[in-house]
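Chains as they are written, first to last, in numbering that gives the first Met the number 0: chain A, 0 to 341; chain B, 0 to 341; chain C, 0 to 341.
Just so you know, not all the hints are guaranteed correct.
In silico DSS-like links for lysine-lysine, alpha-carbon gap of 30 angstroms or less [claimed, not checked]:
id: 1; chain 1: C; residue 1: Lys318; chain 2: C; residue 2: Lys338
id: 2; chain 1: C; residue 1: Lys318; chain 2: C; residue 2: Lys300
id: 3; chain 1: A; residue 1: Lys318; chain 2: A; residue 2: Lys300
id: 4; chain 1: B; residue 1: Lys318; chain 2: A; residue 2: Lys318
id: 5; chain 1: C; residue 1: Lys339; chain 2: A; residue 2: Lys338
id: 6; chain 1: B; residue 1: Lys338; chain 2: C; residue 2: Lys338
id: 7; chain 1: C; residue 1: Lys197; chain 2: B; residue 2: Lys318
id: 8; chain 1: B; residue 1: Lys300; chain 2: A; residue 2: Lys318
id: 9; chain 1: B; residue 1: Lys300; chain 2: B; residue 2: Lys318
id: 10; chain 1: B; residue 1: Lys1; chain 2: C; residue 2: Lys197
id: 11; chain 1: A; residue 1: Lys300; chain 2: A; residue 2: Lys339
id: 12; chain 1: C; residue 1: Lys318; chain 2: B; residue 2: Lys338
id: 13; chain 1: A; residue 1: Lys338; chain 2: A; residue 2: Lys318
id: 14; chain 1: B; residue 1: Lys197; chain 2: A; residue 2: Lys51
So the derived list for chain A, only partly shown, Cβ under 10 angstroms to chain B, looks like this [what the hints assert, rightly or not]:
id: 15; residue: Ala79
id: 16; residue: Pro80
id: 17; residue: Pro123
id: 18; residue: Ile174
Covered stretches of chain C, going by a simulated chain B footprint (3 or more residues, C-beta under 8 angstroms) [what the hints assert, rightly or not]:
id: 19; stretch: 3 to 17
id: 20; stretch: 84 to 94
id: 21; stretch: 252 to 263
Keep in mind the hints are simulated off the structure, nothing from the lab.
The beta carbon of each residue, even a glycine, is placed where N, CA and C say it ideally should be.
As a plain string of letters, each chain reads:
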Amino acid sequence: MKGFALGEIASQLGGELAGDATLRIERLGSLESATPATLCFIADERYRAQLKTTRAGCIVVAPVLRDEAAARGAAIVTPAPHLYFARLSQWWVARTRARPQLGIHSSAQVHPGAEVDASASVGPLCVIEEGARIGARAVIGAHCVIGAGATIGADTRFAARVAFGADCHIGARGIVHGGAVIGADGFGFAPHDGAWIKVEQFGGVRIGDDVEIGANTCIDRGALDDTLIADGVKIDNQVQIGHNVRIGAHTAIAGCVGIAGSTTIGAHCTLAGAVGVAGHLTLADHVHIGPLTGVMQSISKPGAYMGAFPIDENANWEKNAATLRHLYSLRNRLRALEKKSS
Amino acid sequence: MKGFALGEIASQLGGELAGDATLRIERLGSLESATPATLCFIADERYRAQLKTTRAGCIVVAPVLRDEAAARGAAIVTPAPHLYFARLSQWWVARTRARPQLGIHSSAQVHPGAEVDASASVGPLCVIEEGARIGARAVIGAHCVIGAGATIGADTRFAARVAFGADCHIGARGIVHGGAVIGADGFGFAPHDGAWIKVEQFGGVRIGDDVEIGANTCIDRGALDDTLIADGVKIDNQVQIGHNVRIGAHTAIAGCVGIAGSTTIGAHCTLAGAVGVAGHLTLADHVHIGPLTGVMQSISKPGAYMGAFPIDENANWEKNAATLRHLYSLRNRLRALEKKSS
Amino acid sequence: MKGFALGEIASQLGGELAGDATLRIERLGSLESATPATLCFIADERYRAQLKTTRAGCIVVAPVLRDEAAARGAAIVTPAPHLYFARLSQWWVARTRARPQLGIHSSAQVHPGAEVDASASVGPLCVIEEGARIGARAVIGAHCVIGAGATIGADTRFAARVAFGADCHIGARGIVHGGAVIGADGFGFAPHDGAWIKVEQFGGVRIGDDVEIGANTCIDRGALDDTLIADGVKIDNQVQIGHNVRIGAHTAIAGCVGIAGSTTIGAHCTLAGAVGVAGHLTLADHVHIGPLTGVMQSISKPGAYMGAFPIDENANWEKNAATLRHLYSLRNRLRALEKKSS
Chain A
0 MKGFALGEIA SQLGGELAGD ATLRIERLGS LESATPATLC FIADERYRAQ LKTTRAGCIV
60 VAPVLRDEAA ARGAAIVTPA PHLYFARLSQ WWVARTRARP QLGIHSSAQV HPGAEVDASA
120 SVGPLCVIEE GARIGARAVI GAHCVIGAGA TIGADTRFAA RVAFGADCHI GARGIVHGGA
180 VIGADGFGFA PHDGAWIKVE QFGGVRIGDD VEIGANTCID RGALDDTLIA DGVKIDNQVQ
240 IGHNVRIGAH TAIAGCVGIA GSTTIGAHCT LAGAVGVAGH LTLADHVHIG PLTGVMQSIS
300 KPGAYMGAFP IDENANWEKN AATLRHLYSL RNRLRALEKK SS
Chain B
0 MKGFALGEIA SQLGGELAGD ATLRIERLGS LESATPATLC FIADERYRAQ LKTTRAGCIV
60 VAPVLRDEAA ARGAAIVTPA PHLYFARLSQ WWVARTRARP QLGIHSSAQV HPGAEVDASA
120 SVGPLCVIEE GARIGARAVI GAHCVIGAGA TIGADTRFAA RVAFGADCHI GARGIVHGGA
180 VIGADGFGFA PHDGAWIKVE QFGGVRIGDD VEIGANTCID RGALDDTLIA DGVKIDNQVQ
240 IGHNVRIGAH TAIAGCVGIA GSTTIGAHCT LAGAVGVAGH LTLADHVHIG PLTGVMQSIS
300 KPGAYMGAFP IDENANWEKN AATLRHLYSL RNRLRALEKK SS
Chain C
0 MKGFALGEIA SQLGGELAGD ATLRIERLGS LESATPATLC FIADERYRAQ LKTTRAGCIV
60 VAPVLRDEAA ARGAAIVTPA PHLYFARLSQ WWVARTRARP QLGIHSSAQV HPGAEVDASA
120 SVGPLCVIEE GARIGARAVI GAHCVIGAGA TIGADTRFAA RVAFGADCHI GARGIVHGGA
180 VIGADGFGFA PHDGAWIKVE QFGGVRIGDD VEIGANTCID RGALDDTLIA DGVKIDNQVQ
240 IGHNVRIGAH TAIAGCVGIA GSTTIGAHCT LAGAVGVAGH LTLADHVHIG PLTGVMQSIS
300 KPGAYMGAFP IDENANWEKN AATLRHLYSL RNRLRALEKK SS
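Given these sequences and hints, build the entire structure.
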């Protein structure tokens with residue numbers, strides 16, 4: 000039979016079930032596209048109005064929406080609906096998504112000196128080099144390249160087409176998306192007579208447990224010591240992390256961020272989309288940087304920081320931007336007037 | 000015989016031919032590097048001066064340049080030279096570029112439950128998973144990975160090394176360049192006790208007809224519903240499109256743009272290079288965003304918008320940027336002076 | 000025996016050796032993680048304090064630190080320690096890093112019409128198309144795709160998973176990192192009736208000698224003529240270079256930079272991280288652009304330029320950014336006051 004009974008879901012994941020425990024849930028979905036066999040959630044009272052219009056069979060809500068939700072159909076009441084739904088989504092996937100085939104695909108090129116756990120899965124056309132170790136229940140998608148001496152922890156999953164360089168390491172329960180390049184050379188050169196002399200990069204990349212790394216993201220290997228990504232860090236797509244960067248535990252980094260070499264980011268930080276952080280800086284724990292902001296100096300005080308130019312209609316922007324190029328002299332003119340009038 | 004006679008070109012593509020119809024054109028080229036066997040175009044009167052210096056055998060021009068162009072050699076006169084040249088370039092490629100070999104390369108890994116049209120081409124070392132469907136005359140380049148249940152429309156071409164995820168769909172006549180990752184997980188987490196709990200992503204990516212997607216661009220799958228890219232959308236390289244974004248028809252997105260999750264962009268918009276758009280916004284049709292601009296609020300009025308910091312010599316920038324951090328207090332001081340003097 | 004005697008290093012690479020020539024060096028490392036068998040360098044007097052705390056066996060220093068360094072252990076004294084260390088790093092790698100296996104891996108797909116030098120190495124699952132030429136001692140990593148007619152110069156190394164398009168060329172001693180896409184189509188369309196008509200791209204990419212190209216970086220092929228990257232250019236990760244861009248010799252481009260089509264960058268320039276350069280511009284030689292700066296106009300004067308919004312605490316930023324949207328009218332109010340008071 001397709002799906003799961005509401006009663007089973009609530010007994011496994013908790014929450015107070017208000018409504019018919021035998022109702023069959025066939026998918027998790029959004030309020031807009033829900034059917035009577037769909038389970039949804041409302042994370043925020045802002046979406047309260049959708050309670051009236053959705054066709055969802057059951058909605059996960061906070062206690063404040065209990066009566067309103069139960070009046071229209073089944074509901075699961077829990078103090079943190081988003082968290083509940085996150086756990087439910089994992090529970091659901093574990094029971095419904097096809098497991099990749101165990102073992103090493105016949106088309107993969109696995110060096111005899113590599114160790115692949117018997118419970119791991121290595122996809123078609125992968126290349127696993129000498130001395131690499133793939134942990135228990137790890138899943139390596141099609142077309143991945145795992146360099147010599149690299150280690151992949153238990154239950155870690157690589158999507159198709161990840162390049163994971165020699166002597167790079169990732170812990171347990173990690174997720175790495177397609178196109179990510181872990182362990183390319185850092186950008187290191189000594190200037191000489193107008194040219195750039197390459198400094199070879201000897202470090203690796205060391206990634207903790209429960210780390211997720213987005214598609215086409217790059218994390219460079221260290222110059223001498225390792226680049227370090229602590230436990231629980233989440234990194235979105237198209238992110239660039241330079242050599243010898245250190246990212247503290249549970250920091251989240253949104254898409255298109257760039258972090259230059261040798262910078263240390265604290266734990267529990269958030270970097271919004273397209274943030275740029277210069278090299279050799281230190282950001283304290285619990286620092287939150289707004290979108291499109293450039294960080295050019297170290298930040299020792301936790302808090303929210305921002306530095307993006309405000310958008311405007313083109314004509315207004317032109318006038319304001321042109322004036323901005325004379326702001327300092329405007330300040331001086333203001334001072335002169337103040338002096339005169341005092 | 001190499002190339003095509005001018006007369007054949009004009010008879011197939013239209014325009015008024017002024018000059019020798021038997022002249023043989025061997026390549027399309029730029030005014031600077033043209034030879035007497037090269038056909039060029041002038042899109043803009045700004046380039047008029049090059050009429051005097053180019054060695055081109057024939058030039059596609061607008062009526063305003065007809066006499067000047069014809070005086071120096073052959074010309075094709077058409078109201079829209081750029082459009083004419085675009086169509087000519089496609090006509091030329093269809094007649095001169097080697098077609099990839101029909102059928103499935105012997106080194107490709109195609110699941111028996113996948114359907115590949117007999118007129119399609121699947122390159123070396125591709126992986127095509129169960130239930131995927133490849134349409135008529137579609138070309139899948141070397142090293143592509145097509146996920147389970149994905150569909151590729153007729154005449155769509157993938158360059159080498161595209162990752163196209165499970166349950167993602169693209170229509171007819173699309174082009175996807177190398178390194179693109181379509182259908183990686185969106186960046187979705189519920190915060191809990193200082194850590195991030197993954198929300199599994201159940202949606203797909205649904206892409207219309209005549210869409211071009213650049214190299215190393217990412218389009219994430221939706222969280223619950225699909226991410227949507229409408230017909231005729233053109234996306235450049237290194238672009239990041241988050242989960243559940245919707246892009247309206249014929250919108251063009253330049254390189255290095257990032258669009259955060261659940262944002263809706265209208266039809267016929269243009270986003271210039273390195274634009275960043277925050278999540279959960281709505282941009283109307285015919286909105287045009289200038290380069291390096293951050294869009295933090297919805298835009299309901301069509302028009303041109305901009306928000307980039309003006310570049311300056313370093314010393315000037317430093318003074319102005321430092322003053323900018325006190326702009327609000329400068330405004331207050333100005334107000335105080337105004338009050339005093341009134 | 001592991002490593003090299005200090006005396007051998009100094010006799011091969013020069014510098015004045017102060018200390019025990021028989022001391023065995025087993026690795027190059029950082030001052031922080033050094034052991035008595037580690038050789039380090041100090042590039043800058045700022046790091047002088049670490050002379051007291053490091054356990055390094057030998058330190059490469061400038062003459063100014065000679066006595067201080069020699070007092071604590073062995074030292075190599077040279078006017079340019081960073082340059083010395085760069086050369087030493089190359090010397091070290093040449094003697095210690097495993098050379099890839101000579102010849103073509105049995106799983107690679109090499110067209111019979113391609114030419115691979117007998118001293119070159121082609122990794123597992125590569126695809127080399129018709130007419131491509133791979134030079135002496137070149138190394139092509141696993142999963143690379145080399146297009147028809149492309150040429151790879153002597154001693155050039157491609158990491159795993161490089162896509163190098165048809166009719167693209169790179170000279171000698173180049174390095175290209177994983178995920179780079181060289182030779183995707185430029186972003187060229189003619190607008191017509193609200194839609195975009197593709198302009199086929201006929202040019203290639205021509206890259207000089209001693210060029211390094213970062214992971215997941217894209218360099219598009221030219222529309223009609225070639226995109227040009229001169230000798231000695233160094234390009235970091237996640238960089239986007241549009242069609243027909245020309246980069247002058249020994250210019251260095253940091254991560255996340257985007258350069259729009261048909262722009263010419265001079266020689267010996269530096270573009271810091273996340274710089275954006277608009278299309279059809281010309282930058283003179285020796286122009287240096289600071290991080291996150293947008294270049295919207297040509298620059299004819301060598302020097303340092305900058306244009307990033309200064310970061311601030313969120314509340315301050317909000318007030319200043321809101322005021323910035325009225326800067327032009329503030330200027331007018333200031334003028335009015337000046338007139339009144341004069």
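> Which hints from the list above does the structure break, by number from lowest to highest?
Replying inline: Hints 2, 3, 7, 9, 11, 19 and 20 are the ones this structure does not satisfy, whereas the remaining hints hold.
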